[in-house]
Every structure is written in C-alpha cells, then in structure tokens.
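Take a look at the letters that make up each chain.
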Amino acid sequence: MRFIESRLFATTSFLSVATSFLLGLSLPAATRPRYGGTLRVEVHTAAVSLDPREWQMGSLQSAANEKLAELVFERLVALDNYGRFQPALATEWSHDAANKRWRFVVRAGVRFSDGSALNAEDVVVALQPLLPPTAQVSASGNSFLIQSSVPVPDLLEQLASGRYFVYRVTGGGALTGTGPFVLAGAPAGALPSGEKNSTSSRAEPLSGAASGTGGAHLFFRANEDTWSGRPFVDGIDLTLGVPPLRAMFDLQLGKADLVELSPDLVARARQATLRVWSSDPVTLYGLRFDDAQASADARLREALSVTLDRGTMANVLLQKQAEPAAALLPQWLSGYAFLFNVDTNLERAKELRRGIPPNAVGGSEPLRLRVDAPGDLAKLLGERVAVNARQASIFVQVVNRPVANAGARVPAPVDRPSSVHLFAWHYSSLSPRSELESLFAAYNLTVPSEVNATSPDHEQLYARERRILDDRRVLPLILQAESVGLGPSVRDWMPARWGEWHLADVWLEPPEPVAADAVVPAITTAPSSPEPRPAASGANP
Amino acid sequence: MVFCQLLGFAALLLPTCMRAESLEDAAHELAMKVCLAPRKQAVRVQWQEPPGARGYLSASRRRVFQDQISACGLEAAENSDAPILTVTIQVTPSEALLIANAIDAASHTQIYVVEVPRASLTVARETASTPLLRRELVWQQEKPIQSALEWRDPATEERFLFLLSDGLLDRFRLENGAWKWVDSTEFLSAGARSRAPEASLLYSRAKARVELALPGKICALDLNARLSYTCTASEFGDKTRELSTTCEESPRYLATGKGDYTQPDRIALARASGTAAAVADDSYAGSMDVPGPVLDISVTEDSKTASAVVKNLSTGNYEVYRITTVCDH
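Quick mapping for you: the protein sequence lines, in order, are chains A and B. Just so we're aligned: 379 in the numbering used here is position 221 of the first sequence, and the numbers increase by one with no gaps anywhere. Just so we're aligned: 62 in the numbering used here is position 61 of the second sequence, and the numbers increase by one with no gaps anywhere.
Don't read these hints as lab results, they were simulated from the structure. Using N, Cα and C, we set each Cβ at its ideal position, and we do this for glycine too. It is possible that some hints are incorrect.
Here's a subset of chain A near chain B, in silico, CB distances under 8 Å, partners left out [unchecked claim]:
1) A236
2) D238
3) Y240
4) R242
5) R379
6) V474
7) W490
8) Y494
9) R649
10) M652
For each label pair, taking beta carbons as the anchor points, the in silico distance ranges come out as [what the hints assert, rightly or not]:
11) T231(B) x G329(A): 40 to 50 Å
12) E250(A) x R153(B): 34 to 44 Å
13) A256(A) x K181(B): 31 to 41 Å
14) I104(B) x S274(A): 56 to 66 Å
15) K181(B) x R655(A): 36 to 46 Å
16) A256(A) x E236(B): 50 to 60 Å
17) K413(A) x E236(B): 33 to 43 Å
18) Q410(A) x L175(B): 32 to 42 Å
19) R655(A) x L175(B): 47 to 57 Å
20) D82(B) x D501(A): 33 to 43 Å
21) F496(A) x S205(B): 53 to 63 Å
22) K218(B) x P287(A): 18 to 28 Å
Isolated chain A (complex conformation) (with noise of 0.2 Å):
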C-alpha cells in the first residue's frame, strides 16, 4: 500500500511539473536568478587598453576597451533603458541655473577593489584627465564640483557614457575600480607570462598572446564588496583575439556563452537557431575629404556623393545588418537623422563629371581613396565607392591599409597623399552634442561661424549637421549595429540599446536535470532565491 501511493504520488507530481513545463509555467515564482558559473566570452580585438585616458575617441578600438572597463569601473551616473539617469557613484546631484556649475555628492561606503574607499578626491583625480579643458573639477567634503566656462546642460549624457570612469592609479600606474569585477589575470597557462596575478587594471594595453589556436585569456572575478551587489556569475573568462567564425563555432559547441558576431555571421548564426542580440547602429562608415581636396571642387565631391549607392553596401554588402546613412550622427542618438536625405542620382553625377577638368583630380588623375578603417569591411566598401564611381566616369583608386600587427601602431604613409578616407566612427557618448564634437574635431571639420557651436539645442545641432553635410567635405555611408552571439544558459541578458553589456547582471541557467530528477513534489518547492556565495580568500570582509 504504502509503495502504491508513493508511485501515485510521483506520477501526479511528475505530470503536474510535465504540464507546467509545457505550459511554459512554473509554480515558483520562477524568474528569479542564480549565482554561480564562469561566463565564457570571446571577442575578435586582440589588444585591449583598460585606461579611460589613453582610449582614441571614435576608434573601433576603443569600443572594446569600454565594453571592458565596465567590468572594473563604474561611472557616476547611469542612463537606464527607460531615459531615467540612476545614481551610480554619485547619489546626488545639482546645477544652477547656467547649467554651468554642477555638484556631484559621492556614495558613501564605496570601496576600490584593492580595499581602500573611495572619496571626492579620487573623482576629481580620475575626470580631471577625461574632462574638455573648459571644465575645472574641485573637491569639497563628500561632494565634488564641475565648474564650466560654457553651458553643459547635457553632462550627465556625458557622464553616463564614454569614458567617464572613475578609477584610482596606484603605485606602479596600475588602476583599480569599484566595479563589479576585478581583473584577476588568467586561469595557469592561459595568458602571456607577464599577465600573470595581475589584481588590478593595468594602464598599458593588455594584449592576447600571439598563438595559433585564439588570444590569450582574461580573467575577471566576481566583486564580492562591490556596492552595488555581488555579480551573479563567478567570474568571466574572456578570450581575445578570436577570429569570427571561430567564435561562431564555440558558441554552436558550447565552448562559449557569449560571443561577438560579425555582420556577415549574423543571418547565418540566426539560420542555425543561436540566440542573436543586435545594439542599435553604434559605427559609421563614412568618406572624408582631405583639407587641400576639400576646397578644390566641389563638383568632384558631390559627384561622388551621388554615385553612391548606400542600399547596396547594407543590405548586400553586409546583409541587412547595416543601414545608409544620410548624416553624421544616428537617429537614435540625434533624434533628427530621418531629416537627412541621399539618394543616388547617376544622370546628376555625370552632368557634374563633364564639368570637372581633365587634368583635374577625378579627370584624368584618379581620385585616390585611402582606407583608414581596420578590417575587411572597410576594404569592401572601399571597392564598392569605386564602383560606383566608375559608373559615373570617375576613377577612383583604393588604398588600402598597410597590415600591421595586433595592437601595433599603422606607421603613417610616406606615398602621395590621398584625397579621400574612409574611417569609421564609434559613437561613444549619449550626448549627441559631445559626440559631434568630437567627430568635428578629430577631422578638422570647422563649424561654421553664425552656427552656435557649444549649444546642445537639437536646432544649433541639426544646423551644425547640415552645413557640414551640405559642403559635401563628409559622406556618410553606413551605419552598422553590434552583434552577439548568446548561449542557451545565458540569462537576464539586459543590455543597453547604444551597445554596453551590463555583464554583472547575467546569470547562468544550470543544466537541464535528467527526466528522473524532475519527479519531484509539483508544489513544494526549494526556494530558488540566490545566497551570496562565501566572500572568496583575499577578498575584504
């Protein structure tokens, strides 16, 4: 008898947990998170560079640099998903009415990993570096100031984003942050000797070792004191220098939980059912007029604009996972680009190519385009300007990037300059105003004098845009998003939309249990709520 009703009882319990599993229910309170796991990543950069003050703006480089950083590091504020900016290592926060004087109080109780607290000062030591020149940091008790000569009503934008870090150099110039992570070296034998027991961030470049099979791994353990709550995972082991379609096979093998995929890879990781996150577009691929070319003619520059067919380089050069650009900055950051138009008009570019003179640049003497943009794609597109030139009688020359090493510096070329580049652009900051700027400045696009060019007013940027892409002296080409690859365990997955990864939110899914182990009562449950795991050796109390 009592065999019998134990039989009955499992069997019952079995099809109640069978429907519920079916139903895509659960009788727990299911959503709730796990501690533990090591988080797999692989990225394609071999070199990365964990100090905010030697990051380029806009290089592609410096995007993988930041994805890292926010490991160790936090920032002041944060930008949620909802436009609400959350306090991170400032919990307050107030300006005057100039929006040129900003007082930030620090968070109390905030520890650096290496164990000593955080306070004004170390704020004022780590922005002051990041900070334009216009800007003056100063620390009084528990509260920092910003002081600025001109209006910054969007420095929390700025703030929340780029490189805005807050870090603490210690002896022997390493970094150390407060972040949900601490870089702890590599698992034995997986790193170049003198990664090795490395605790903090150091503030030379990091680079993967040189081998045939990958990059060198590193390691970023869980911060048990961090202040903001202990990450889920225990550690993430990130491999770098992993080329794309490797990385593509370790997350189908399951070696990997979260990889980078590249544009080409994407429509086929998502044919073979991986799970695929897309940011917004976070890189623009663009031409630049050199200076001397710039003002030479202006016929040639919106010949060549006009050939350009930018449909044909999204969504078959890089299969739909890119889009044309019409302006500078994208629409999800401006809030203006739908106002831009280009379109492709073959009859108007060959009209203005009988106007050019034959012994002119784009006459006789082709037009010579240097790509400046790492990576195949940029080659690509650089062939796919060329063709679409050609069709309008304007040759156009490709030069392409010399080939340097991983993390080496691409010497400058020493043959005839070129008229024309082709770079790509990172959107680092979530203020559309510092982001311009920065573009304008780092290639030398002048800003027109009856055009404010400090007001963030959408108005004064849109003009700023269009003076420029009305000059012809940019064209924008595409606007590419960022993908990963994710695995079947990775869960709360909550990235923002501009790219960053908020890794200290992920979870890992256990693995299935086997058919026997789920008979178990339906409606007694084991709490699934997470218990901090034991503060590991070495780690503050």
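Position chain B relative to chain A; hints supplied.
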C-alpha cells in the same frame, strides 16, 4: 491682429533652447516656435508617429498645438495647396523631441525642436485578462521593490501596505482611497549586498502575523507601535501561493512564467494537486499577462487576494498589483 503681434513678440523672448517638462507643454512651446515664422500663411499639419513612439501624439496634444498656431495666425488648412508642416516625435536615450519641419520656397528644411525629458513619458500598455484573474495596480515607483504585502488589521479594519524597497520596510495606510506613509524601518540582509532580491514579506496564517523572511531568519513585524521587527534563526521554506476562490471548494495556486527578468510574464491559477485526470484537465484555466517579470508574490491574510511585484518593462517602474479571482459564470 494686435493680439497676434503681441504673441509674436512674446515668442521672440523665448529662450533659444527650449525644454518642456511634459508633452502638453512641449506641444504648446513647439507651436510658439512655429509662430516665429516670418510669413504667416495657412499650413497643412501632418502628424507622424514612428513605430517606437506610438500613442504619444494624442488628440488632446494635437489640439493644443493646432489651437496655438491658429491663435498666432498660422491657419491650419485642409486644402492640398497649403505647405506641409510635419510634426513628429522622436525618442533618444535621454530625451523625447517634438519636431516640426517644413520645406520652404528655396527647398530648405526649416526645423523647430522642443525637448522633453524622456523619463517624463509614460506608456500604459494594457493587456487583456481572462475572467478568472483580475489585477489592480495599487502602487508604482521607480526604485526597485523587493516585496509587497497588503494587510487588513482585524481589530480596526484599516488596510495597510508594506513595501520592501531600497533597504527600507515602509508601512502605508489607506486613507480616502490613497496610500499614506505611516513609518518605516531599515531591514538589513546578512552578508554582502546581494544583486538579487533576498527578502520577502509574507503572512503566516499559522502564527496570524505579518513576517519578513531574510536569509537564514524569519522576522515577526511589530505593528502596534512604531514599525519594528524581531528575528529568529530559521530556514525559510516556501511562501504559500494558495489562493481560495468562492467558485469552487478546492484552492488554486498562483504560478508565474519561467522567463528571466527580460521578459513579460503571466500569472496563472494552477490546480493544487490531485489525480492524473485533474492534471490532464485545463490546469491553468485562468491566466493573466503582466507587463514584466513577476518578482514576488505574497498572499494576504484572507487568502483571497495576493500582492504581486512586477517590473514593468515598458516604463522601467516597479509596480504592485492586487491579484484577485472572480468566478466565470
């Protein structure tokens, strides 16, 4: 005519960078900007809402805009010859932009922009519910809520709401249909701060009291004086989710989805247990979508209602719903 001139003069005094606090204000201020146009003529207003911002340009906001431009001499025309003034709303990470643009005689695009903090926008995404479960929003806030519980004092019949949020246990009393803050006390979880909710409110029917469950201990709330609690070491087993209904004798159990915090959820009524036939039956006869993951559910003292904490994925707010059952006759 004089009025229009005065209005135009007033508009000239407006600051260059206009930032409104609400969409209603923004519609008005945008109209004021449009009124600065040198040529006063009839325009045909076209409204455009991109897919991600549907519903923001409501009829009342459109009326505010059109009334204002009419008042300053820009007559809103219906005929097709009038120049088009397109009004749209665009959302950026931190702002919503109300944009009016028109193409002038020289084919130049003239734009007018008014900015609104994006956080001031709210979207109510209503989802249908089945007859067996009903939800009622009783509280919402921006800060995370870990747990919530409604409780009726049997002695005074007063209704209270307890909230665990941001390290505080708050008590509110229902007065004239609104929750009025009474008092609060700090609650401290053991060990390092956790990223996951680890405290929960519940009503213990066995002990007839409101309790706070923390890791490794159960705390009894003292509700007679200023809010406080006393803890004893005890492993917290499970919160009951048994909900009684007047429709049938056997109780039902509240269940939620298996998704993570990125997905909308649903709350369902499950049969408790029983025979295989009952399970094969429609075990989840009543279910109801909620606008985000369910973070916690606490059943009240009479077992007839429950308090569910939901993170609304549309607004980012944390919401407390009163969950009740109704009989589907």
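Hints the structure fails to honour = 1, 5, 6, 18, 19, 20 and 22
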